[in-house]
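Based on these hints, arrange chain B on the given structure of chain A.
Residue numbers (numbering that gives the first Met the number 0), protein chains in the order written: chain A, 0 to 76; chain B, 0 to 212.
Keep in mind that the hints were calculated from the coordinates and are not lab data.
Covered, in the sense of this in silico footprint (three residues per stretch, anywhere, with C-beta under 8 angstroms from a C-beta of chain B), are these stretches of chain A:
1) 8–15
2) 57–67
Negatives, chain B to chain A, calculated, CB over 12 angstroms:
3) Q10
4) L24
5) R162
6) L164
7) E183
30 angstroms max Cα-Cα, derived DSSO-like pairs, lysine-lysine:
8) K88/B - K47/A
9) K61/B - K35/A
10) K43/A - K88/B
11) K68/A - K107/B
12) K47/A - K128/B
13) K61/B - K47/A
14) K80/B - K15/B
15) K2/A - K72/B
16) K68/A - K72/B
17) K47/A - K105/B
18) K47/A - K107/B
19) K43/A - K107/B
Computed from a prediction, not measured in an experiment: that's the story for all the values here.
Every residue, glycine too, gets a C-beta built ideally from N, C-alpha and C.
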Amino acid sequence: MEKDLVEYIAKSLVDEVDEVSVHLIEGEQSTIVELKVAAGDIGKVIGKQGRIANAIRVILSASAAKSGKHVQLEILD
Amino acid sequence: MIREFEGKNEQEAIAKAMEELQVELDEFDVEVVEGSKRGLFKKGNVRIRVRLEDENSDYEEKIITFVETLLEKMGYPSTVKVNYRDNAKLGLEIVSDDSAIIIGRKGKNLDAIQLLVNVYGGQLNMGTKIVVDSENYRLRHEENLVKLAFSSAEQVKRSGRSRLLEPMNPFERRLVHTALNTMEGVTTKSEGEGLYKQVRISIDDELPPLRKK
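Only chain A is shown next, with the shape it has when bound in the complex:
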């Protein structure tokens, strides 16, 4: 579900939609979501001073609030 959510947000923001890939690393208490986008689109998912990236993180943790799991977002370059 986290994968779907991050993928949807990223694809809505970038130009090169096909270059978006999301990879989940599931641990016992926490999940790491790795997001990869085209090099030219990185700014679009991070934003000025990381504002967009932080908004995605807030939305991720709001989404995970129900399950109580800790979710971390990492943007790979």
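What follows is chain B alone, placed relative to chain A:
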């Protein structure tokens, strides 16, 4: 979309168009199709043709779908409605059983959703700001901020000591500054760096305190 309206004069025809289509004056193009000037004894009649940009509703639909899909993928299926629209703003209302989580602590989640919608919307239509709300949170929050500003200012006046409010975003700070702008005896100033600064309310010493004669 093209529609025609009739009235005694151009203004009346335009007013009719605005009433029926629920739009503002600057949202459509008007063309006078047939007009006769009002004579001394004769009532004039004007027919206008109104051209409305379909783009607008298309844009709104895309925005609403985006927010609804986002919320659904977050695990909180909701309905999104248009709350209000004017030339530069589109107000959206999220109706959901999970509105408490959707709003979040101090509106944190609502702000994150709003930021993403605005980034998404910015690609479609430059210049429209989208305001996302749920359960009237923003209105209540604004009222509370103004109340807080007034009560803090009263305390400053009573104690003579300045007070530093919690960090706020530019919009919130502006509310505080404007609320206390007309209040005599205190001044406000923002302190700190970055987006979230703090407002300090202090005694205004430039003006001598008012004395009763």
